[in-house]
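With the hints as a guide, bring the two chains together.
Top line first, the protein sequences correspond to chains A and B. Quick note: the first sequence uses our numbering, first residue 1, plus one each step. Quick note: the second sequence uses our numbering, first residue 1, plus one each step.
It is possible that some hints are incorrect.
[As the list claims (entries may be wrong)] Only some residues are given here: those of chain A computed to face chain B with a beta carbon under 10 angstroms:
1. 68
2. 86
3. 88
4. 89
5. 91
6. 92
7. 94
8. 163
[To be verified] Below, a list of computed lysine to aspartate or glutamate pairs in the EDC-like style, where the Cα atoms sit at most 16 angstroms apart:
9. 111/B x 70/A
10. 103/B x 102/A
11. 103/B x 95/A
12. 46/B x 58/B
13. 69/B x 106/A
14. 3/B x 58/B
15. 108/B x 70/A
16. 108/B x 83/A
17. 101/B x 95/A
18. 101/B x 102/A
19. 396/A x 180/A
20. 25/B x 117/B
21. 103/B x 106/A
22. 108/B x 81/A
23. 6/A x 77/A
Just so you know, the hints here were simulated from the structure itself, not pulled from any lab data. Quick caveat, the model's predicted, so the values are computed rather than measured. Glycine is no exception: its CB is placed at the ideal position from the N, C-alpha and C atoms.
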Amino acid sequence: MKFENKGPYFIDYPARIKAVQAEMAKQNIDVYLGSRLRTTSWCTDAFFPWRSFIVIPSEGMPTAFTFVIDAARALDDSWLDEDHVMGFAPMGGQDQITLISDMINELLPDGGRVGVEAGMSNYLPEGYLTYYEYNAFKDAMPDCEFVNAHEIIDRLQMIKDEGTINRFREASRIVDVGHEAVLAAIKDGGWNGMTESEIAGIAALAMRKAGSVWEWSFTGGNEIACGYRTGLAGGACTPATCKEVMAGEPLMVDIHGLFGLACGDHTHNYLIGPATERQLWHAKNFVDIVDLTLKTYRAGISPSSLAEEMMAFAEERGFSDYMVPGFEHGIGMLGDEWRIGRHDGPFPYWTDPDHCYQENEVLICAMQYACPEEDIGFRYENPILIKKDGCEFMSKFPLAVEVIE
Amino acid sequence: MVKYLSQEWQAEVDRELRAHLSPEKMNNISSSMNNRYLNCPGGGSKYFFVSFTNGKVDEVLVGEGEGPKAEFYITGDYETFAKISRAELGSQKALMGGMLKLKGNMVKALKLASLCDRLNKIVATIDTEF
Numbered sequence: 001m002k003f004e005n006k007g008p009y010f011i012d013y014p015a016r017i018k019a020v021q022a023e024m025a026k027q028n029i030d031v032y033l034g035s036r037l038r039t040t041s042w043c044t045d046a047f048f049p050w051r052s053f054i055v056i057p058s059e060g061m062p063t064a065f066t067f068v069i070d071a072a073r074a075l076d077d078s079w080l081d082e083d084h085v086m087g088f089a090p091m092g093g094q095d096q097i098t099l100i101s102d103m104i105n106e107l108l109p110d111g112g113r114v115g116v117e118a119g120m121s122n123y124l125p126e127g128y129l130t131y132y133e134y135n136a137f138k139d140a141m142p143d144c145e146f147v148n149a150h151e152i153i154d155r156l157q158m159i160k161d162e163g164t165i166n167r168f169r170e171a172s173r174i175v176d177v178g179h180e181a182v183l184a185a186i187k188d189g190g191w192n193g194m195t196e197s198e199i200a201g202i203a204a205l206a207m208r209k210a211g212s213v214w215e216w217s218f219t220g221g222n223e224i225a226c227g228y229r230t231g232l233a234g235g236a237c238t239p240a241t242c243k244e245v246m247a248g249e250p251l252m253v254d255i256h257g258l259f260g261l262a263c264g265d266h267t268h269n270y271l272i273g274p275a276t277e278r279q280l281w282h283a284k285n286f287v288d289i290v291d292l293t294l295k296t297y298r299a300g301i302s303p304s305s306l307a308e309e310m311m312a313f314a315e316e317r318g319f320s321d322y323m324v325p326g327f328e329h330g331i332g333m334l335g336d337e338w339r340i341g342r343h344d345g346p347f348p349y350w351t352d353p354d355h356c357y358q359e360n361e362v363l364i365c366a367m368q369y370a371c372p373e374e375d376i377g378f379r380y381e382n383p384i385l386i387k388k389d390g391c392e393f394m395s396k397f398p399l400a401v402e403v404i405e
Numbered sequence: 001m002v003k004y005l006s007q008e009w010q011a012e013v014d015r016e017l018r019a020h021l022s023p024e025k026m027n028n029i030s031s032s033m034n035n036r037y038l039n040c041p042g043g044g045s046k047y048f049f050v051s052f053t054n055g056k057v058d059e060v061l062v063g064e065g066e067g068p069k070a071e072f073y074i075t076g077d078y079e080t081f082a083k084i085s086r087a088e089l090g091s092q093k094a095l096m097g098g099m100l101k102l103k104g105n106m107v108k109a110l111k112l113a114s115l116c117d118r119l120n121k122i123v124a125t126i127d128t129e130f
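Here chain B stands alone, though its shape is the one from the complex (with noise of 0.2 angstroms):
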């Protein structure tokens, strides 16, 4: 078991992303998403950072702060995201509430949700510690 958002979890996340997604499966699209964790833990904010050239895996980082510069960006608590990686929350419902804000051009946005899915589906196999 990893801890989320840790090294470990970045590496996990790493991993398994390249395992499992395909440029194919990825729609070979080039983009970034950075996840940016308000009122974490113990205070302070943390990002969740990935991004993607023509459909492959190029970069995944986490740390502490704002994060890089992304295509989009969905800010919202913690606890928010901890739900939804614990599928207890969906993230469309989310961000239909209100509970995530999304940044970046939604036409885009449109044609990314069901890739998005699939990466966080992957995601949720990890075995972490919330």
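Excised from the complex, chain A in its bound form (with noise of 0.2 angstroms):
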């Protein structure tokens, strides 16, 4: 059955909307021109893989704008009606620059100030206006005055609301399917002969069965390593390989599945054995530092004062040398997975260490451990929501690192 936004994955889009009318108010910002896949995901509940925009006037309904294909198929998916999608084609009239600017100077006869997503992230399909874009918009409506604004949706976004936490869960939920199908797949010597891609494709197909649209990640979908990868300096593995799965080795099996644009997000690890005392120590430290994290997690701590205690946990047990000192990233609805809170960090664009955690906030709690010069390395992540008091945990498959025989 296709994505509705009703019962408890509701999302009430007008007061999102208004939310950001009221923002733009306090900032005498008369037009948002939205450009970044985040805030067309959250607007309009639907995706925009191809170049998109949103203007949103100071009251009434946004207009999204994309490639003229797509429009007829985001305007279905969208809560939006058939006036506020429009396709923009390189056609008289009907180009981005020129669609987008008419509507902005019909707003604005006398000129205003318009609101634009400008900045830099290392994240690809982030979105912020380029810089041909915004001249060429300049040009367009020579008496509008261009601010950048991406901060009022950043801030809105940050907290979740019911409906997208219940996606979330949702979301997890369906993970959950793909590692199930995996396990099932792998054990009882099912891993002879298996790639990392055939993996990927069995936790795809389980997922999409169980109500997943896509394995969403720009990093190439499902990712799985085994082997040198899994211990890779940095702990990147991605995309899945054609390498075959062997015995003595490790198995990381990182699976994304999409729910109502809430990204599901999980890794389980394995060793596929016969496996050594030293890799089960290399196990076992991964495993309790987790556990550990998982605990600590609550509103009021930070990403720096975490990973302060956890690397000293890590030091204190002999491998803080194999933990990547990063715990967490930060995700939202499609689009949003980079940045934990907003750009307002000692480095432009980057999380801030120092951000305090509140409740409502979800994040991914994303842990790498990598030795590369034996072979062997970990990944954990789990959509996590925080707490007063601690943290929920949405993908419920047991941690472990599993050996299978």
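Here it is, written out as structure tokens:
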């Protein structure tokens, strides 16, 4: 059944837009011109994979603009009506600059302040306004003043509403179904001759049967690594390759499901037997630090305080050399999967290490253990909901590094 | 022969469209289009407006200036429209080349493109002096 914005997954999109408009009024912004993927997802309930924009006037409905071939599909998925999803095309009067500037010029016949999204990200599909777009819009709207306004959306996105949280819970349940399918496929020697890519596909099929529509990550869908690829310095392994799973090697299964634009993301780790004592030592280190991390998350702590505490534990146990000293990444509706909180840290557009977690923030607890010299590594990812005195980890697949004989 | 964009031409277009465009052929649409001609011979601008209600020709109007409000506006030089009417230039090519400017919801316009071609073909049969 096609996803519908109702029941426990209901999000009040008109209220979201009104909240944006209230913030615009405080900053004397007459029109908000959004271009980021996170903005279009959060405002429309639809995925906009092509270059897209959203124009939010000071009151009333927003209008989304996307490549004409996909506009009808986006309209079908979103809460907006036919007059508020426009397609642009390389045609007189219909290119994105003309179409959008015509609308804004009509909204602001005497000029005004236009909020745009300018910045940088190491997340490729972020969607900040390009240099060309900025200049072209300025030329087409000579009476308007452009101000950077993405903070409005960033602030409003940070604390998740009930519908969003429930969508994340369901996306996480779906990911657990994927993990069960992978475990069923690899156990009892099923792993023999299997490639990382096949495992990615097994998980994808199971998750899609359970209600997922995409393995969403722009890092290559489901991220599967075996052998030395689990322990590459820094911890990244994307995307899954055609490397075969081998006896005596670790296997890392990081899978992603998408439900109502909420991103399920959970990693489970295996050792393909026979496992050595040394491998089991690494595995126990990792499970223990993940367990402690999950017990530590709560409102009031920060990424830096958590990292200090966890790295002290790793140092005490003698495995700090193998821990990547970052324990989370941001998450929100599709397109919001990079930094935590706002862009207010010491390095612009990176997570503020002193960001103070608040209740009802959702983030991905993301931990990486990498020992390249021994060709072993593990990853843990799980969407967690910050609560006053702890956290809810949404994926329920049991925490362990399982030995598969 | 009638003069392009004259009252006689308007009457002829009206008669031909009503004669050849049934509501079924027009997919029972309700819409309107205003072609705005800039740089007309003798200066100034003119318009050619046509509207449909449930697929039936509602109004055909021509005149000086910008004309009535419509769901779609196509704006361009008189000479560009004249070339299209003389079948010397395709309307798609004119739009893709930026010689004509379309204003209106492109998603809806996509659904109407073939109907617009149907209409243009009928208009092109009228013996016209440009």
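Here is what the structure says about each hint:
1. 68: holds (5 angstroms)
2. 86: This interface hint holds because 6 angstroms falls under the 10 angstroms limit.
3. 88: holds (7 angstroms)
4. 89: Holds. Min distance 6 angstroms.
5. 91: Residue 91/A check passes; min Cβ-Cβ to chain B is 5 angstroms, inside 10 angstroms.
6. 92: holds (4 angstroms)
7. 94: Since chain B brings a Cβ to about 5 angstroms from residue 94/A, closer than 10 angstroms, the hint holds.
8. 163: Status violated, d = 28 angstroms.
9. 111/B x 70/A: holds (14 angstroms)
10. 103/B x 102/A: holds (9 angstroms)
11. 103/B x 95/A: Judged against 16 angstroms, a Cα distance of about 11 angstroms means the pair holds.
12. 46/B x 58/B: Roughly 20 angstroms between the alpha carbons, so the hint for residue 46/B and residue 58/B is violated.
13. 69/B x 106/A: Roughly 15 angstroms separates the two Cα atoms, so the pair holds.
14. 3/B x 58/B: It is violated: about 23 angstroms lies between the C-alpha atoms, which goes past 16 angstroms.
15. 108/B x 70/A: holds (13 angstroms)
16. 108/B x 83/A: With Cα atoms ~9 angstroms apart, residue 108/B and residue 83/A stay inside 16 angstroms; holds.
17. 101/B x 95/A: holds (10 angstroms)
18. 101/B x 102/A: Measuring from Cα to Cα gives roughly 12 angstroms; hence the hint holds.
19. 396/A x 180/A: Since the Cα atoms of residue 396/A and residue 180/A sit roughly 11 angstroms apart, the hinted pair holds (cutoff 16 angstroms).
20. 25/B x 117/B: Within the cut-off at roughly 12 angstroms; holds.
21. 103/B x 106/A: The given pair, whose Cα atoms are some 13 angstroms apart, holds under the 16 angstroms limit.
22. 108/B x 81/A: The given pair, whose Cα atoms are some 12 angstroms apart, holds under the 16 angstroms limit.
23. 6/A x 77/A: Status holds; Cα separation ~13 angstroms.
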